[in-house]
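> Position chains H and F relative to chain C; hints supplied.
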Amino acid sequence: MSEFRSGFRVVRGSPASRVCLVVLLALIAVLTSVPSWAEAATQRRMVELFTLLSLAQMWNLLAGFAGLVSVGQQAFVGLGAYGMVALVNVHGQNLYWSVPISAFIAAVLSIPIALVAFRLRGSYFAIGTWVIAEVASLIIVQQTSLGAGSGVSLKVAGFDLETRQHATYWLALVAGVGALLIAYLILRSKLGLQMQAIRDDEAGARGLGANVYRTRLIVWVIASFWTAFTGAVYYLSNLRVQPKDSFSVANWTAPIVIIVVIGGIGTLEGPVIGALVYYILREYFKDYHTWYTVGSGVVAVAAALYLQPGIWGTIRRALKVDLFPVRRRLVRQADTHVENGG
Amino acid sequence: MVWLNAVLQGTLVGGLYALFATGLSLAFGVMRFVNLSHGDLAVASAYIAMSLSATLDWNPLVILVIVLPGALVVGYLLQRLLFDRIVGVDPSFQIVATFGLGVVIENLLYEKYTADTQGLDVGSLKLSGFKINDKISIGWLPLITLGCAVLVLSGLALFMRRTRLGRAFRATSDDADAARLMGIDIRTVWGVAMAFAVATAALAGVLYGTRSSFDPFGGPVRLIYGFEAVIIGGLGSLWGTLIGGVILGVAQAIGRQIDPQYGELAGHFVFLAILVFRPTGLFGKGQLR
Amino acid sequence: MTDAILSVESLDVVYGDFQALFGVSLHVEAGETVSIIGANGAGKSTLLNAITGLATVKAGTVSYKGASLAALAPHKRVAAGIAMVPEGRRIFQSLTVEENIVVGGHTARSGPWNIDAVMAAFPLLERLRRRRTDGLSGGERQTLAIGRALMANPDLILLDEVSLGLAPIVVKQVYDAIPTVKSNGTTVLLVEQDVKRALDVADRFYCLLEGRISFSGRPGEVSQERITDAYFGLPGSHSSGGR
Chain C
1 MSEFRSGFRV VRGSPASRVC LVVLLALIAV LTSVPSWAEA ATQRRMVELF
51 TLLSLAQMWN LLAGFAGLVS VGQQAFVGLG AYGMVALVNV HGQNLYWSVP
101 ISAFIAAVLS IPIALVAFRL RGSYFAIGTW VIAEVASLII VQQTSLGAGS
151 GVSLKVAGFD LETRQHATYW LALVAGVGAL LIAYLILRSK LGLQMQAIRD
201 DEAGARGLGA NVYRTRLIVW VIASFWTAFT GAVYYLSNLR VQPKDSFSVA
251 NWTAPIVIIV VIGGIGTLEG PVIGALVYYI LREYFKDYHT WYTVGSGVVA
301 VAAALYLQPG IWGTIRRALK VDLFPVRRRL VRQADTHVEN GG
Chain H
1 MVWLNAVLQG TLVGGLYALF ATGLSLAFGV MRFVNLSHGD LAVASAYIAM
51 SLSATLDWNP LVILVIVLPG ALVVGYLLQR LLFDRIVGVD PSFQIVATFG
101 LGVVIENLLY EKYTADTQGL DVGSLKLSGF KINDKISIGW LPLITLGCAV
151 LVLSGLALFM RRTRLGRAFR ATSDDADAAR LMGIDIRTVW GVAMAFAVAT
201 AALAGVLYGT RSSFDPFGGP VRLIYGFEAV IIGGLGSLWG TLIGGVILGV
251 AQAIGRQIDP QYGELAGHFV FLAILVFRPT GLFGKGQLR
Chain F
1 MTDAILSVES LDVVYGDFQA LFGVSLHVEA GETVSIIGAN GAGKSTLLNA
51 ITGLATVKAG TVSYKGASLA ALAPHKRVAA GIAMVPEGRR IFQSLTVEEN
101 IVVGGHTARS GPWNIDAVMA AFPLLERLRR RRTDGLSGGE RQTLAIGRAL
151 MANPDLILLD EVSLGLAPIV VKQVYDAIPT VKSNGTTVLL VEQDVKRALD
201 VADRFYCLLE GRISFSGRPG EVSQERITDA YFGLPGSHSS GGR
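In the order they appear, the protein sequences are chains C, H and F.
In case it helps, my numbering puts the first sequence at residues 1 to 342.
In case it helps, my numbering puts the second sequence at residues 1 to 289.
In case it helps, my numbering puts the third sequence at residues 1 to 243.
Just chain C, same shape as in the assembly:
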């Protein structure tokens, strides 16, 4: 009797992705060394870039993969920032430990928020998240201990300027790279498969045993955690925390939606490309900020109407390449016959 093995393998990597990995590791090494040779202004800019990168990646995880399109993520940026302010200014906790702790608190809060918001779907879910962000902002505005409407400055006495700049930079690097890593790991995991199955065909996925609610909730909590973490890191750099700034849609949600839509929603590479392009162009057009926003908004609307795969989606379709290997491909090998004795 011979045993027939059909010639297919499940493969994830590719030459392109392996090259990308090497380049990425080299890039991270270079970026880590930045504080030792770049000036403070450059470091601040990089913090901003990493912030956008991280927030975009998390929004993309929710919107592009989990099917949860939120326009309320600014809630978690604000919660992360104000959590840090509460821990440091009010309760005298360590400046740097308060970042992950604040993110953790925000993640815990994201659960009851989800219980309410998940009662809505699609566009109504989106507006619902906006309402919740408004509510969070209104509640914070009433807390005089946190500076109320006019805001407050983070108490950073006890750390010298240079240490702070370096530490903040590295935390921002962690935020940016970490976001990519988190998204990558989730998508490669079983959770990621479930998530995408649900996104593509909810009824079908349910029929196959996927727990839709739980899957969405897990991704929501993770994204909220990292968004809050990133928000806290940003304000470590900015130092001045105000409600209308940290909970602002214009500051946070608008850029990241534009970034992800133009870069390529539902891909890992898209937010990276989008963030780079957006940020570099924004710096270039610094003096025309409003027109830049109008212009990038128009491009984003055009992309949503006419070029839905975005920049990376289009490249991917044309070149059939994936830089971050999260998709499983079926690859044909020769069929084999194995002879068994007897």
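Since the hints were made in silico from the structure, they are not lab data.
This structure is a prediction, so every number in the text was calculated from the model and none was measured.
Backbone N, C-alpha and C define an ideal beta-carbon position, used for all residues, glycine too.
Watch out, some of these pointers could steer you wrong.
Said to hold, decoys possible - Selected chain H positions facing chain F (in silico; Cβ < 8 Å):
#, residue
1, D177
2, A178
3, M182
4, G183
5, I184
Claimed, not checked - In the BS3-like style, the derived pairs of lysine-lysine whose C-alpha atoms are separated by at most 25 Å in a straight line are:
#, chain 1, residue 1, chain 2, residue 2
6, C, K320, C, K190
7, C, K286, C, K244
8, H, K112, C, K244
9, F, K196, F, K172
10, C, K155, C, K244
11, C, K286, H, K112
Said to hold, decoys possible - Covered, in the sense of this in silico footprint (three residues per stretch, anywhere, with C-beta under 8 Å from a C-beta of chain C), are these stretches of chain H:
#, stretch
12, 87-94
13, 211-225
14, 272-282
Here is chains H and F on its own, set in the frame of chain C:
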């Protein structure tokens, strides 16, 4: 007595919220389409009314004669040229495209008019009204606004029930493909629905501008109030939208009476409570999709 | 062939990656009743959808009264005289029975059918006139769907699986209405899984198997076995008997 006044004022404001909500409700009912720039279109209408009013030296309420037909045209064109492409596809793109449109509108307004708050000057009408007793008075403007809301909703209800196009709207909203099989041109239906939606947004925006100050970034809050009114009242019910608006207005008024800072929060809490305990709204017929 | 009111040539219809129809060709003469039989999934509804314009044609042509329908949007085809009683009836839930019938006349095509004529032809609809549609039985819905389609005063009426989900006695009542439907010389193209019913009313029939025409003929001229073989795709069944 002071509480009664709060309820009364809240009811009158509720008319304005219902007007904001009507357009949202209509577009969603007919095409399952939510326009996140709905509030921004309302604010833009207020600005346009302001500019036209200054140029022509007419009362802003009279300017409606120009603004409303203009809004009908804008709404129709927006649908045929832009929104038709994203009806019925993955809602993510609806959200992103209309959100982006809102960002563009807000920033264009900011560029032209700066961030200074503005108001629409309707002259003596603004503060005039009649007193019921020394604690309670009813302003003409709020009363006119509520009256407009009732008129618009009645008009829509009549249109839906009694006209050929209205019947086509209802058929399209039930089953778009089956409607095409009846010979209904659903693109025209969608275009007219969006035209009505933007026109109600424009009316709401101008009326709002006559009694409150507005700025380029005030759109989202109007959208939120409209949305909350729709959810409280329940999807699929036009009159539910009016009741939802009134409940929201009253909740805010009562909250403000307790403490001036609590007004908005009170409204949001009532909305959240309805969402948690009665997601289909008070008179809802549909699902939250 | 030149007088055919409907002519389908080498039609291919594709949904995404899935091809539903392969080179389907058929024709219908004015005034005829033609049935299309076939098992579930054979492509019958797809064929009707291609005729009404709800499904996009990848290759081939659909011609009506001598002219290709390719450029005509679905709602314009109704105005041209093609009406369909869709699969599953697709009654409008938020309209009353009367409103459902009235909306069928949206195109205001001239002809013998109007609301009074429909009510006269189908008395059960008269009784249900003001009712909402939720409480209607399957048979009542089917009658409503037919009355609604007639309001368009079609020259060609398409009936998509009208027996689906209905009890046999109700199916009989529905098919008893076919002569009324044909009464003004209206051409009927119907699609059915119930072979007996389909062949009883037909002048000619086609059999669809997995997206292809496997057989065509006249009911009286072909044996039951031949038809069964063609329906199920058994060997030796592909042929064209009669015209």
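> Now tell me, hint by hint, if it's right for this structure.
Comparing the hints with the structure gives:
1. Satisfaction of the interface hint for D177(H) is found here, the shortest Cβ-Cβ separation to chain F being roughly 6 Å, below the 8 Å cut-off.
2. The closest approach between the C-beta of A178(H) and any C-beta of chain F is roughly 4 Å, which is under the 8 Å cut-off, so the hint is satisfied.
3. Because the beta carbon of M182(H) sits about 5 Å from the nearest beta carbon in chain F, less than 8 Å, this interface hint is met.
4. Checking G183(H) against chain F: minimum C-beta separation of about 3 Å stays under 8 Å; hint holds.
5. Here the hint on I184(H) is kept, as its CB sits about 6 Å from the closest CB of chain F, short of 8 Å.
6. With a C-alpha separation of about 24 Å, the suggested pairing of K320(C) with K190(C) holds against the 25 Å cut-off.
7. A distance of roughly 22 Å separates the Cα atoms of K286(C) and K244(C); the hinted pair therefore holds under the 25 Å criterion.
8. Note on K112(H) and K244(C): the hinted pairing holds, with a Cα-Cα distance of about 22 Å set against a maximum of 25 Å.
9. About 11 Å separates the Cα atoms of K196(F) and K172(F), which keeps this hinted pair within 25 Å; it holds.
10. This hinted pair checks out: K155(C) and K244(C) have alpha carbons roughly 20 Å apart, not beyond 25 Å.
11. Proposed proximity of K286(C) and K112(H) is supported: the alpha carbons are some 18 Å apart, at most 25 Å.
12. As drawn, the stretch 87-94 of chain H meets chain C at 4 residues by the rule of a beta-carbon pair under 8 Å; at three or more, the given contact holds.
13. Counting residues of the stretch 211-225 of chain H whose C-beta lies closer than 8 Å to any C-beta of chain C gives 5; at least three are required, and the coverage claim holds.
14. Under a criterion of three residues with beta carbons nearer than 8 Å to beta carbons of chain C, the stated coverage of the stretch 272-282 of chain H is upheld, 4 such residues being counted.
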